[in-house]
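Residues per chain are reported as follows:
Number of protein chains: 2
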Amino acid sequence: MGASTKQGYDIALKSREIVRSLIGDKIHHLSPEEKTIVERIVHSTADIEYAEITRISTDFVQESVISLKNGEDILTDINMVRAGINKYEGEVNCFISDPETIKLAKKNEITRAAAAMQLAAENGFKGIVAIGNAPTALYKVMELVKTGEMDVKSVVGVPVGFVGAADSKDALSATDIPHLITKGPKGGTPVAVATVNSLIRLSKDDLDY
Amino acid sequence: MGASTKQGYDIALKSREIVRSLIGDKIHHLSPEEKTIVERIVHSTADIEYAEITRISTDFVQESVISLKNGEDILTDINMVRAGINKYEGEVNCFISDPETIKLAKKNEITRAAAAMQLAAENGFKGIVAIGNAPTALYKVMELVKTGEMDVKSVVGVPVGFVGAADSKDALSATDIPHLITKGPKGGTPVAVATVNSLIRLSKDDLDY
Numbered sequence: 001m002g003a004s005t006k007q008g009y010d011i012a013l014k015s016r017e018i019v020r021s022l023i024g025d026k027i028h029h030l031s032p033e034e035k036t037i038v039e040r041i042v043h044s045t046a047d048i049e050y051a052e053i054t055r056i057s058t059d060f061v062q063e064s065v066i067s068l069k070n071g072e073d074i075l076t077d078i079n080m081v082r083a084g085i086n087k088y089e090g091e092v093n094c095f096i097s098d099p100e101t102i103k104l105a106k107k108n109e110i111t112r113a114a115a116a117m118q119l120a121a122e123n124g125f126k127g128i129v130a131i132g133n134a135p136t137a138l139y140k141v142m143e144l145v146k147t148g149e150m151d152v153k154s155v156v157g158v159p160v161g162f163v164g165a166a167d168s169k170d171a172l173s174a175t176d177i178p179h180l181i182t183k184g185p186k187g188g189t190p191v192a193v194a195t196v197n198s199l200i201r202l203s204k205d206d207l208d209y
Numbered sequence: 001m002g003a004s005t006k007q008g009y010d011i012a013l014k015s016r017e018i019v020r021s022l023i024g025d026k027i028h029h030l031s032p033e034e035k036t037i038v039e040r041i042v043h044s045t046a047d048i049e050y051a052e053i054t055r056i057s058t059d060f061v062q063e064s065v066i067s068l069k070n071g072e073d074i075l076t077d078i079n080m081v082r083a084g085i086n087k088y089e090g091e092v093n094c095f096i097s098d099p100e101t102i103k104l105a106k107k108n109e110i111t112r113a114a115a116a117m118q119l120a121a122e123n124g125f126k127g128i129v130a131i132g133n134a135p136t137a138l139y140k141v142m143e144l145v146k147t148g149e150m151d152v153k154s155v156v157g158v159p160v161g162f163v164g165a166a167d168s169k170d171a172l173s174a175t176d177i178p179h180l181i182t183k184g185p186k187g188g189t190p191v192a193v194a195t196v197n198s199l200i201r202l203s204k205d206d207l208d209y
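Protein chains in written order, with the numbering used here: chain A, 1 to 209; chain B, 1 to 209.
If we strip away everything but chain A, and leave its shape as in the complex, we get (with noise of 0.2 Å):
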């Protein structure tokens, strides 16, 4: 889970077989690729109440897998999402502090988050989208998805607070955008880096996709 020494390595192992101890029983409906996701979330937060609100609909591996495999882009909301994503070969962007989204934002009245999705989607974006914050910026995408105007493969839907955020997932978990959620408030940026990180040690292990 990102360790790079042997006492890391040795850490990391560890917390694995405890969080499978934990939160086994919860999660024997999901796939092993799946499992791994929700218990990279759980080993990331020591919160084992997302083993029942994460919520992932049936392509959202496989789409995820196959859009890494083909080297398109990571999408984030925040800097700090970006920030926890450090071994994928591919790009990993965020407009949020760009210019142009701060001039989008003050000329359409939106959020800056908001503004940053649509930027990327004017730029031609074309991949994966991770929302570890914003309910604004998840809206603004599956709006940008229903129009036309941006071409994305997954959405990692899991922004959080107790304005907004619970609505905007179950808004995302009706659309056919592969997804995944977690139900009500929680969420947040490690989830989000979590998911991520995982998908993309999914996409260099030998999966039949």
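Accuracy of the hints is not assured; some may be wrong.
Derived pair list, reagent style BS3-like, types lysine-lysine, alpha-carbon separation capped at 25 Å [unchecked claim]:
id: 1; chain 1: A; residue 1: K14; chain 2: A; residue 2: K26
id: 2; chain 1: B; residue 1: K87; chain 2: A; residue 2: K106
id: 3; chain 1: B; residue 1: K126; chain 2: B; residue 2: K69
id: 4; chain 1: B; residue 1: K126; chain 2: A; residue 2: K6
id: 5; chain 1: B; residue 1: K87; chain 2: A; residue 2: K107
id: 6; chain 1: B; residue 1: K103; chain 2: A; residue 2: K87
id: 7; chain 1: B; residue 1: K14; chain 2: B; residue 2: K35
id: 8; chain 1: B; residue 1: K146; chain 2: B; residue 2: K107
id: 9; chain 1: A; residue 1: K87; chain 2: B; residue 2: K106
id: 10; chain 1: B; residue 1: K107; chain 2: A; residue 2: K6
id: 11; chain 1: B; residue 1: K6; chain 2: B; residue 2: K204
id: 12; chain 1: A; residue 1: K69; chain 2: A; residue 2: K204
id: 13; chain 1: B; residue 1: K183; chain 2: B; residue 2: K146
id: 14; chain 1: B; residue 1: K6; chain 2: A; residue 2: K103
id: 15; chain 1: B; residue 1: K87; chain 2: B; residue 2: K14
id: 16; chain 1: B; residue 1: K126; chain 2: A; residue 2: K183
id: 17; chain 1: A; residue 1: K14; chain 2: B; residue 2: K106
id: 18; chain 1: A; residue 1: K204; chain 2: A; residue 2: K126
id: 19; chain 1: A; residue 1: K87; chain 2: B; residue 2: K107
id: 20; chain 1: A; residue 1: K107; chain 2: B; residue 2: K14
Chain B stretches covered by chain A per the calculated footprint, using a threshold of three residues with CB under 8 Å from any CB of chain A [to be verified]:
id: 21; region: 14-21
id: 22; region: 162-172
Hint data in this document are derived by calculation from the structure and do not stem from the laboratory.
Predicted model only: the values in this text are computed from it and were never measured.
Ideal Cβ positions, reconstructed from N, Cα and C, are used throughout, including at glycine.
Start from chain A and add chain B according to the hints.
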């Protein structure tokens, strides 16, 4: 809370009101500054358990704010934490990917997170340490403070995980180092970031330190 557009600001304000209604009775014993910090942690994680597991030493806010007012450095264990700290005029450093850190980790058979703390100390670090991930980094900081090799004004000690995290935080709370910790396995980068950003905000207010 970092919002820079009207819509973002409205969401942040409403969230803060909800957080207050959810945890107000659990944090009545805290100072106004400490309340601000815990509210921001709960806002960032949507996890009200943090109102109960966050422990703040009496000198933590004052020592941290003085350090920030003096423009001292902030040192983080991983890049995700650094990426979330975006409104400080001083330096925010993370050495986990520094070639010197990697060498040091291999030579001393320690984790990269721990080696990154040692490297900072060797380079004359003075200021606030924020650890959102690695217990090994926290232990290293305590060791370097004890031997007088590191000038630490306060520690945001919120490593996460089922292996070592809780023990490392209990160890920190038994020292004289001004600190904020989260009891148990929970913690993580959003908690570290929320705490530091809250301190930065407090350092810009007219507090009588």
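Results of checking the hints against the structure:
Of the supplied pair hints, the one linking A:K14 and A:K26 holds, its CA atoms being roughly 19 Å apart against a limit of 25 Å. As the CA atoms of B:K87 and A:K106 are separated by approximately 20 Å, the hinted pair is consistent with the 25 Å bound. Between B:K126 and B:K69, the direct Cα distance comes to roughly 13 Å. Compliance with the 25 Å bound is thereby established for this hinted pair. Proposed proximity of B:K126 and A:K6 is contradicted: the alpha carbons are some 30 Å apart, above 25 Å.
Restraint check for B:K87 and A:K107: the C-alpha separation of about 24 Å stays at or below 25 Å, so the hint holds. Between B:K103 and A:K87 the CA atoms are separated by roughly 20 Å; this keeps the pair inside 25 Å, and the hint holds. Between B:K14 and B:K35 the CA atoms are separated by roughly 17 Å; this keeps the pair inside 25 Å, and the hint holds. For the suggested pair B:K146 and B:K107, the alpha carbons sit about 22 Å apart, so the restraint of at most 25 Å is met.
Pair hint A:K87 plus B:K106 holds up; C-alpha atoms about 20 Å apart against a cutoff of 25 Å. The hinted pair formed by B:K107 and A:K6 meets the criterion: a straight-line CA distance of about 12 Å does not exceed 25 Å. Our distance criterion of 25 Å between C-alpha atoms is met by B:K6 and B:K204, whose separation comes to about 21 Å. As the CA atoms of A:K69 and A:K204 are separated by approximately 8 Å, the hinted pair is consistent with the 25 Å bound.
Restraint check for B:K183 and B:K146: satisfied, since their Cα atoms lie roughly 22 Å apart, inside the 25 Å limit. Taking the CA atoms of B:K6 and A:K103, the gap is near 14 Å; set against the 25 Å cutoff, the hint holds. With a CA separation close to 22 Å, the supplied pair B:K87 and B:K14 stays within the 25 Å bound. At roughly 42 Å between alpha-carbon atoms, B:K126 and A:K183 are farther apart than 25 Å, so this suggested pair is violated.
At most 25 Å may separate the alpha-carbon atoms for a hinted pair to count; A:K14 and B:K106 meet this at roughly 21 Å. Distance hint between A:K204 and A:K126 is fulfilled; the C-alpha atoms sit about 20 Å from each other, no more than 25 Å. Pair hint A:K87 plus B:K107 holds up; C-alpha atoms about 24 Å apart against a cutoff of 25 Å. For the suggested pair A:K107 and B:K14, the alpha carbons sit about 24 Å apart, so the restraint of at most 25 Å is met.
Coverage of the region 14-21 of chain B by chain A holds in this model, with 4 residues showing a Cβ closer than 8 Å to a Cβ of that chain against a need of three. Closer than 8 Å: that is the beta-carbon criterion, and the region 162-172 of chain B has 4 residues meeting it against chain A, so the requirement of 3 holds.
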